[in-house]
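J.: Letter by letter, the chains look like this.
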Amino acid sequence: MSQHYPVLLVTVPLLSALLISIVGWLNKRFCFPIAVAALSVAAYSSVGLLFRVLDEKVILYHLGGWAPPWGIAYSVDHLSALVLVVVSVVALLNLIATQKSIEQEFSEKIGAFYTLYVLLVTGLLGIVVTGDVFNLYVLLEITALTSYGLIAMGEDRAPLASLNYVYMGTIGACLYLLGIGYLYISTGSLNMANISSILPGLYDSKVVLAAFIICMVGVCLKMAFFPLHAWLPNAYTYAPSAVSSLVAPLMTKVMIYVMIRLMLTVFTPEFIFSKLALSNTVVWLAVIAIFMGAVLALGARDMKKMLCYVIIAEVGYMVGGAWLGNRAGMTGAILHIANDALMTLCVFLAVGNIVYKVRGYAFEDLKGMFRKMPYTMTGLVAGALSMIGVPPTCGFFSKWYLISGGIQAGQYGFVAALVFSSLINAVLFFRIIEIGYYEPFRADHGHESSPVRMAEAPLTMVVPLLIVAGGLVVMGVYTGDIVTHIIEPIIPPAMGN
Amino acid sequence: MRIFGIIVVILTGALLIYAMGDFPSWADPASPAHNHVSPRYIEKSLEQTSVPNLVTAVLADYRGYDTMFETAVIFAAGVVCFFLLRIPRKDEPTVRRYRHTLTGITISVKETREIPPVLEEFERIDTLWTPPDLIIKTCCRILVPFLQLFGLYVIAHGHHSPGGGFQGGVILGASMILLAISHDLRTAIGRMSERVHAILCSVGVFIFAGTGALCLVLGLNFLDYGALARILHVDPVTARSHGILIVEIGVGLAVMTAMIWIYNNISSKGKYDEGL
Amino acid sequence: MPDLISSIVDYYNYLIYITLMMIGLYAMIAKKNLVKKIVGMNIFQTAIILFYVSIGAKKGATIPIIQHGHGEGADEITSSVIKAAEYINPLPHVLMLTAIVVAVATLGVALALAIKVYNRYETLEEDEILAQIREK
Numbered sequence: 000m001s002q003h004y005p006v007l008l009v010t011v012p013l014l015s016a017l018l019i020s021i022v023g024w025l026n027k028r029f030c031f032p033i034a035v036a037a038l039s040v041a042a043y044s045s046v047g048l049l050f051r052v053l054d055e056k057v058i059l060y061h062l063g064g065w066a067p068p069w070g071i072a073y074s075v076d077h078l079s080a081l082v083l084v085v086v087s088v089v090a091l092l093n094l095i096a097t098q099k100s101i102e103q104e105f106s107e108k109i110g111a112f113y114t115l116y117v118l119l120v121t122g123l124l125g126i127v128v129t130g131d132v133f134n135l136y137v138l139l140e141i142t143a144l145t146s147y148g149l150i151a152m153g154e155d156r157a158p159l160a161s162l163n164y165v166y167m168g169t170i171g172a173c174l175y176l177l178g179i180g181y182l183y184i185s186t187g188s189l190n191m192a193n194i195s196s197i198l199p200g201l202y203d204s205k206v207v208l209a210a211f212i213i214c215m216v217g218v219c220l221k222m223a224f225f226p227l228h229a230w231l232p233n234a235y236t237y238a239p240s241a242v243s244s245l246v247a248p249l250m251t252k253v254m255i256y257v258m259i260r261l262m263l264t265v266f267t268p269e270f271i272f273s274k275l276a277l278s279n280t281v282v283w284l285a286v287i288a289i290f291m292g293a294v295l296a297l298g299a300r301d302m303k304k305m306l307c308y309v310i311i312a313e314v315g316y317m318v319g320g321a322w323l324g325n326r327a328g329m330t331g332a333i334l335h336i337a338n339d340a341l342m343t344l345c346v347f348l349a350v351g352n353i354v355y356k357v358r359g360y361a362f363e364d365l366k367g368m369f370r371k372m373p374y375t376m377t378g379l380v381a382g383a384l385s386m387i388g389v390p391p392t393c394g395f396f397s398k399w400y401l402i403s404g405g406i407q408a409g410q411y412g413f414v415a416a417l418v419f420s421s422l423i424n425a426v427l428f429f430r431i432i433e434i435g436y437y438e439p440f441r442a443d444h445g446h447e448s449s450p451v452r453m454a455e456a457p458l459t460m461v462v463p464l465l466i467v468a469g470g471l472v473v474m475g476v477y478t479g480d481i482v483t484h485i486i487e488p489i490i491p492p493a494m495g496n
Numbered sequence: 000m001r002i003f004g005i006i007v008v009i010l011t012g013a014l015l016i017y018a019m020g021d022f023p024s025w026a027d028p029a030s031p032a033h034n035h036v037s038p039r040y041i042e043k044s045l046e047q048t049s050v051p052n053l054v055t056a057v058l059a060d061y062r063g064y065d066t067m068f069e070t071a072v073i074f075a076a077g078v079v080c081f082f083l084l085r086i087p088r089k090d091e092p093t094v095r096r097y098r099h100t101l102t103g104i105t106i107s108v109k110e111t112r113e114i115p116p117v118l119e120e121f122e123r124i125d126t127l128w129t130p131p132d133l134i135i136k137t138c139c140r141i142l143v144p145f146l147q148l149f150g151l152y153v154i155a156h157g158h159h160s161p162g163g164g165f166q167g168g169v170i171l172g173a174s175m176i177l178l179a180i181s182h183d184l185r186t187a188i189g190r191m192s193e194r195v196h197a198i199l200c201s202v203g204v205f206i207f208a209g210t211g212a213l214c215l216v217l218g219l220n221f222l223d224y225g226a227l228a229r230i231l232h233v234d235p236v237t238a239r240s241h242g243i244l245i246v247e248i249g250v251g252l253a254v255m256t257a258m259i260w261i262y263n264n265i266s267s268k269g270k271y272d273e274g275l
Numbered sequence: 000m001p002d003l004i005s006s007i008v009d010y011y012n013y014l015i016y017i018t019l020m021m022i023g024l025y026a027m028i029a030k031k032n033l034v035k036k037i038v039g040m041n042i043f044q045t046a047i048i049l050f051y052v053s054i055g056a057k058k059g060a061t062i063p064i065i066q067h068g069h070g071e072g073a074d075e076i077t078s079s080v081i082k083a084a085e086y087i088n089p090l091p092h093v094l095m096l097t098a099i100v101v102a103v104a105t106l107g108v109a110l111a112l113a114i115k116v117y118n119r120y121e122t123l124e125e126d127e128i129l130a131q132i133r134e135k
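Residue numbers (numbering that gives the first Met the number 0), protein chains in the order written: chain A, 0 to 496; chain B, 0 to 275; chain C, 0 to 135.
Warning: the hint list may mix true and false statements.
As the list claims (entries may be wrong) - Straight-line alpha carbon distances no greater than 30 Å define the calculated DSBU-like cross-link-like pairs of lysine-lysine that follow:
| # | chain 1 | residue 1 | chain 2 | residue 2 |
| --- | --- | --- | --- | --- |
| 1 | A | Lys356 | C | Lys135 |
| 2 | C | Lys82 | B | Lys270 |
| 3 | A | Lys304 | C | Lys31 |
As the list claims (entries may be wrong) - Label pairs and their computed distance ranges (CB to CB):
| # | chain 1 | residue 1 | chain 2 | residue 2 | range |
| --- | --- | --- | --- | --- | --- |
| 4 | A | Ala276 | B | Ala13 | 10 to 20 Å |
| 5 | C | Met0 | B | Phe145 | 29 to 39 Å |
| 6 | B | Leu10 | A | Ala276 | 12 to 22 Å |
| 7 | C | Ile132 | A | Glu363 | 45 to 55 Å |
To be verified - Stretches of chain A that chain C covers, calculated by requiring three or more beta carbons in the stretch to come under 8 Å of a beta carbon on chain C:
| # | stretch |
| --- | --- |
| 8 | 148-157 |
| 9 | 161-169 |
| 10 | 179-188 |
For the record, the hints were derived by calculation from the structure and aren't laboratory data. The structure presented is a predicted model; accordingly, all values stated were derived computationally and were not measured. Virtual Cβ for every residue (Gly too), placed ideally from N, Cα, C.
Just need the whole structure built from these sequences, with the hints factored in.
T.: So, in structure tokens, the structure goes:
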């Protein structure tokens with residue numbers, strides 16, 4: 000069965016999503032177990048794939064038995080295996096952790112919710128595993144459509160934010176589609192490996208240049224890279240907490256994976272860094288993105304919005320790192336995909352727990368929170384330390400690679416932006432910790448002196464959070480192994496050392 | 000905003016027109032797009048899949064995996080529309096209108112549940128009700144069965160002529176939507192209830208993905224219809240043709256029900272009470 | 000001048016798709032009404048569909064259905080008889096069938112969202128909605 004892992008990974012969640020939809024009309028109680036089972040199978044096969052990739056380098060799977068470029072092929076290498084594990088594990092943990100809050104918010108439409116949730120994860124896994132540029136577009140649309148629906152079910156301005164996301168997301172996906180149309184018209188193929196073998200003869204063609212620019216702009220729109228980020232803060236802030244802790248860690252990171260995949264596999268580093276003189280411009284855009292993200296985060300009035308701006312800054316880290324054009328920068332960017340997914344999950348889960356108990360996420364709601372929800376706040380602090388980049392946690396190591404890449408490339412503006420953003424993150428999170436630890440709990444009926452009783456979120460919400468928090472440290476400790484065994488083999492030798 | 004729009008449009012247009020210089024001219028047979036992958040589709044697909052319609056062969060076989068997700072996209076759209084808009088029936092009293100067919104007198108009744116009219120001559124009407132147009136109603140009622148027959152033909156004949164699951168499914172869906180427009184939403188839902196089309200929508204995609212999984216269980220790759228030869232007792236090439244037909248039926252079912260589902264939710268704003 | 004005209008004739012399909020796409024993009028950026036933006040979005044998607052379908056065209060070729068490919072005598076037709084130059088490229092058509100379905104699905108979801116926005120703010124004009132948000 001292990002040769003079918005790449006396809007099981009995607010089709011088991013798809014089939015289960017359909018099953019959940021049917022079961023949801025008959026008996027709602029079975030929806031959650033099916034979803035958990037489906038995502039467990041996906042997580043199991045992605046871990047299995049990772050181990051197989053370590054031995055075999057690249058695993059190809061021909062769907063329908065047709066060899067590429069005629070049929071669609073799945074190709075799994077180290078990079079996609081790493082991102083697959085991250086996506087499937089994050090989705091599974093988040094599903095278990097948010098079960099209670101999902102039941103609280105969507106008791107009536109629980110079947111539809113789990114259907115969309117599992118379909119969204121299917122789409123994300125499919126994007127990562129596919130080796131065909133058009134297949135990637137179709138899966139991109141699945142993730143996009145399901146996330147529009149899930150985000151719009153939040154409160155207050157959620158439908159409006161989601162509608163804005165529809166406009167921007169559709170332009171992004173359409174530009175990507177146009178870009179691959181340009182690639183198709185100049186190469187005649189849709190398979191990534193095949194395109195990259197034809198492209199070297201066409202590096203001087205205007206069509207290929209335009210294809211690259213259009214694809215990149217489309218992907219940047221989808222990942223909320225700075226000047227194109229306007230849709231993200233509102234969409235992620237007003238989304239239901241179970242949804243924001245799924246899409247915030249995964250959507251932007253998977254889009255960064257797509258960018259790196261296009262850069263490394265389709266257009267190849269020789270074309271990007273030798274033929275095009277765009278590298279400097281993009282790194283400077285990333286610097287602006289990091290600065291703006293940090294400054295806007297300082298001005299935010301509630302926790303979720305603040306975290307959304309932090310995400311925009313983090314997108315800047317990864318794009319900048321990937322475009323530095325050297326090994327260390329690319330290593331940092333890829334490592335940061337995994338680390339950032341974990342730490343974003345960690346802080347969003349903590350916020351989700353607080354929302355579950357207090358029904359609010361403004362800064363005032365945090366008063367006395369350390370007494371009330373000590374374990375949740377421990378998780379939040381772990382995530383915060385990682386976002387700041389304090390050594391034992393994994394955030395430090397990816398930032399280390401990014402900074403050393405910046406120094407090697409002589410991009411001191413990027414280094415300065417990284418340091419500045421870490422300082423701002425420290426200020427942001429210490430402000431939260433200060434409010435949570437020192438300010439007294441605001442009791443509901445004016446009895447300010449009444450002792451704060453511990454009222455922790457249910458165990459199913461706290462345990463996954465603490466697992467993720469522990470995972471941050473574990474990832475940090477094993478950074479060396481991850482870099483040498485998984486990330487090093489992906490980066491082509493052409494990128495120097 | 001208008002000036003910003005003009006600037007963005009001019010910049011994007013300039014990039015696209017700049018790239019146009021290196022494009023092959025229109026319908027140039029020497030274009031790379033026609034000479035790398037596609038000749039093999041044209042020359043081999045009749046031999047490999049025994050389907051003369053190349054679009055169907057490529058759609059459902061060579062690139063069948065894309066099509067599976069495409070069906071999943073339309074299913075997702077149906078679920079999203081339901082998830083966003085559907086308002087579950089509450090027992091709050093609502094005002095419904097009834098019309099006495101003989102005298103034309105309209106009465107409003109405030110009631111919690113729909114009470115079937117006691118008297119034969121009372122009929123339930125919409126808020127924005129117009130006098131019934133006999134010509135429209137009759138024409139549409141006559142059209143619906145022919146539309147459905149044509150839809151089935153388009154699905155079944157997709158191997159040999161333009162058509163296939165999507166086109167046929169849309170025609171079938173349109174027949175039900177026509178019924179809802181010409182009569183009212185309740186008539187259409189009376190023919191096909193919400194639960195039925197919601198379940199059929201997932202069943203449609205399930206037929207597609209399940210066929211793929213069946214091929215996997217039978218020992219070949221996912222969606223490799225050649226594996227069906229063992230259970231259909233035909234040669235692998237004919238099995239591919241049959242596999243495509245099974246899959247197209249699934250697509251037709253999913254698209255038809257998804258169209259109806261989206262229409263019902265949007266036109267009644269999720270109340271399933273009054274359409275448009 | 001004849002050069003310019005002949006190049007316009009050669010590339011007219013691309014010019015049409017670019018024009019259509021820019022109309023859609025402009026509508027999405029500059030229009031204030033949420034449904035007009037959705038219409039702009041659809042024009043944008045249609046432009047890309049037009050682009051792909053025009054790639055598929057091939058001079059001197061017919062629709063991609065093998066002639067006499069079914070019924071009696073179908074068995075005699077083998078790959079040696081079928082010439083790629085006689086049929087237009089089926090792949091862009093297949094891809095666009097997918098893109099059309101995606102466009103329809105996006106349109107449905109966008110309209111559903113517009114209804115939800117309307118239920119909440121009682122208007123679809125963007126500036127009026129923003130004014131309502133600012134008032135709070």
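J.: Hints first: check each against the structure and report whether it holds.
T.: Evaluated hints:
Note on Lys356(A) and Lys135(C): the hinted pairing holds, with a Cα-Cα distance of about 25 Å set against a maximum of 30 Å. Simply put, Lys82(C) and Lys270(B) have alpha-carbon atoms about 56 Å apart, too far for the 30 Å limit, and the pair is violated. Distance check on the hinted pair: Lys304(A) and Lys31(C) sit about 25 Å apart at the alpha-carbon level, within 30 Å; holds. Taking 10 to 20 Å as the suggested C-beta distance range, the pair Ala276(A) and Ala13(B) conforms, at roughly 19 Å.
Between Met0(C) and Phe145(B), the C-beta spacing of about 54 Å breaks the proposed range 29 to 39 Å. Between Leu10(B) and Ala276(A), the C-beta spacing of about 19 Å keeps the proposed range 12 to 22 Å intact. Distance hint check for Ile132(C) and Glu363(A): the Cβ-Cβ separation is about 21 Å, which falls outside the suggested range of 45 to 55 Å. Given a C-beta distance limit of less than 8 Å, the hint that chain C covers the stretch 148-157 of chain A holds, as 3 residues qualify and 3 suffice.
Figure legend: the stretch 161-169 of chain A, annotated as covered by chain C; annotation consistent (5 residues with Cβ-Cβ distances under 8 Å, at least 3 required). Evaluation of the coverage hint for the stretch 179-188 of chain A: fulfilled, as 3 residues show C-beta separations to chain C shorter than 8 Å, against a requirement of three.
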